[in-house]
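Peer 1: Start from the sequences and build out the full structure, keeping to the hints where you can.
Those sequence lines, one after another, are chains A and B. Under the working numbering, read the first sequence as residues 1 to 116, first letter to last. Under the working numbering, read the second sequence as residues 1 to 331, first letter to last.
Everything labelled a hint here was simulated from the structure, so no lab data went into it. Every residue gets a Cβ at the ideal spot worked out from N, C-alpha and C, and that includes glycine. Hints are not guaranteed to be accurate.
Said to hold, decoys possible - For each label pair, taking beta carbons as the anchor points, the in silico distance ranges come out as:
no.: 1; chain 1: A; residue 1: S76; chain 2: B; residue 2: L254; range: 30 to 36 Å
no.: 2; chain 1: B; residue 1: L254; chain 2: A; residue 2: I51; range: 31 to 37 Å
no.: 3; chain 1: B; residue 1: N204; chain 2: A; residue 2: I90; range: 47 to 53 Å
no.: 4; chain 1: A; residue 1: I90; chain 2: B; residue 2: A130; range: 48 to 54 Å
no.: 5; chain 1: B; residue 1: G127; chain 2: A; residue 2: S76; range: 37 to 43 Å
no.: 6; chain 1: A; residue 1: M45; chain 2: B; residue 2: T177; range: 26 to 32 Å
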Amino acid sequence: MGHAHESNVGRIWKVFGILSLITIVEVALGIYKPHSLHFTNVLGMNLLNWIFIILTIAKAYGIMWAFMHLEGETASLRWSIVGPLVFLIIYLVFILLVEADYIYDVFKTSTIKWNF
Amino acid sequence: MATTVTTSAEGKTWGGGNEPMNASYGKMMMWFFIVSDALTFSGFLAAYGFSRFKFIETWPLADEVFTHFPFMHGVPAPMYYVALMTFILIFSSVTMVLAVDAGHQMKKNKVVLYMFLTIIGGLIFVGSQAWEWKNFINGEHGAIETKGGSLLQFVKVDKTQPSGYARVSLSEFASNTPEERIQHKRSNGVWFFDESALPSVSVNQVVEGFKANEEILVRSEKIDAATKHKIVLSREESLKLVENAKYVVEGANLKRNEYGNRLFADFFFFITGFHGFHVFSGVVINIIIFLNVLLGTYERRGSYEMVEKVGLYWHFVDLVWVFVFTFFYLV
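Peer 2: Here you go:
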């Protein structure tokens, strides 16, 4: 490993700063819930939730890239890790959420009251 | 000619001493584990998403569930406590990565210091989670479950609140009608049924108290799409629903919880519990490696790669928390 002996301390604190900043933004949005974001729907979900999810993925990227040191691994190892995860998670989430939405609809339009 | 070439190539590839993708055996195996564990957590969170989408109109609002902060009793402080927990975990990730960095430079004392800080951070996090669980299990206001399985929470008009209503605890309005109710134990009823504790008030006391207090209304589980607050029923509708009262629900267990949908508490216990268990095992593994660092094992080995490997696991735990934080507390 070529980087083995140089210190990355400055960079580590920088990444920590970025991750903290993202968390602070998330918490602030979570507390104030700006009306314009919370009540604007984009692709079936409100904008605030989209922002939360995107910021979360950004944080996950930062942790994996810098802290778990994927930046120093070979591209083949990086993709062997990230590729299957991204594909399978998107697949699983898509299947389950679509199915759940369908069941929601069945409950809603059924003639039987299930919760009263 | 061709055969000799193949043979020598085989000797190179399969003769040992190779590191596929330039990752050592241990590191590769740690990544294998992390990928599979990440998929396990994805499965849990996707299942949570499934149940939530299924009951999208009645799912509890996280802001109203997690409102506690140490030494601020009675002051609703949503988000602050989990935000603090998130910072603790990110910070312990930073000290871990600093330990790895110091290991690259073969600075034993720095590795010792940073690993120690990481362990402390992990312990604080597990402790915080225990406190969060304690509040969740004890509950705050209490609720009523009807025969049909829906949950009734109680409110009164309070214009200072963003929703226009303030929660009322069962104990604030339940009547003092004398009533004797014996705790159901295996020895005094059906032998395979028991209950861990009696609720502080009985169903009858709540119903009578509700009838006597005109200002109290029932808040249903349903979320009003226009305001994103739970719908509060009129006094007449409330009275009608309270007639169906079946159970007093205080706090949370795996069967029912005072926050709303039963699955909500199940997923909360299961996912944060599974994550907490990962943090706990991470702390244990960190302690083992910490002791090895103290003994000078890696100094003699000439490489601190073991610190790097536990570091990978520790960051993974942090990574999972980032997602748990988003899907349980923010979204």
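Peer 1: Now tell me, hint by hint, if it's right for this structure.
Peer 2: Outcome of the hint check:
1. Evaluation of the 30 to 36 Å hint for S76/A and L254/B yields a failure: the beta carbon distance comes to about 44 Å.
2. A hinted range of 31 to 37 Å holds for the C-beta pair L254/B and I51/A, which are about 33 Å apart.
3. At about 52 Å, the beta-carbon gap between N204/B and I90/A stays in the expected band of 47 to 53 Å.
4. The hint said 48 to 54 Å for the Cβ distance between I90/A and A130/B, and at roughly 34 Å that hint is violated.
5. G127/B and S76/A have their C-beta atoms about 41 Å apart, which keeps the hinted 37 to 43 Å range intact.
6. Between M45/A and T177/B the beta carbons are some 47 Å apart, a value that contradicts the proposed interval 26 to 32 Å.
Hint check: violations occur at hints 1, 4 and 6; the rest are consistent with the structure.
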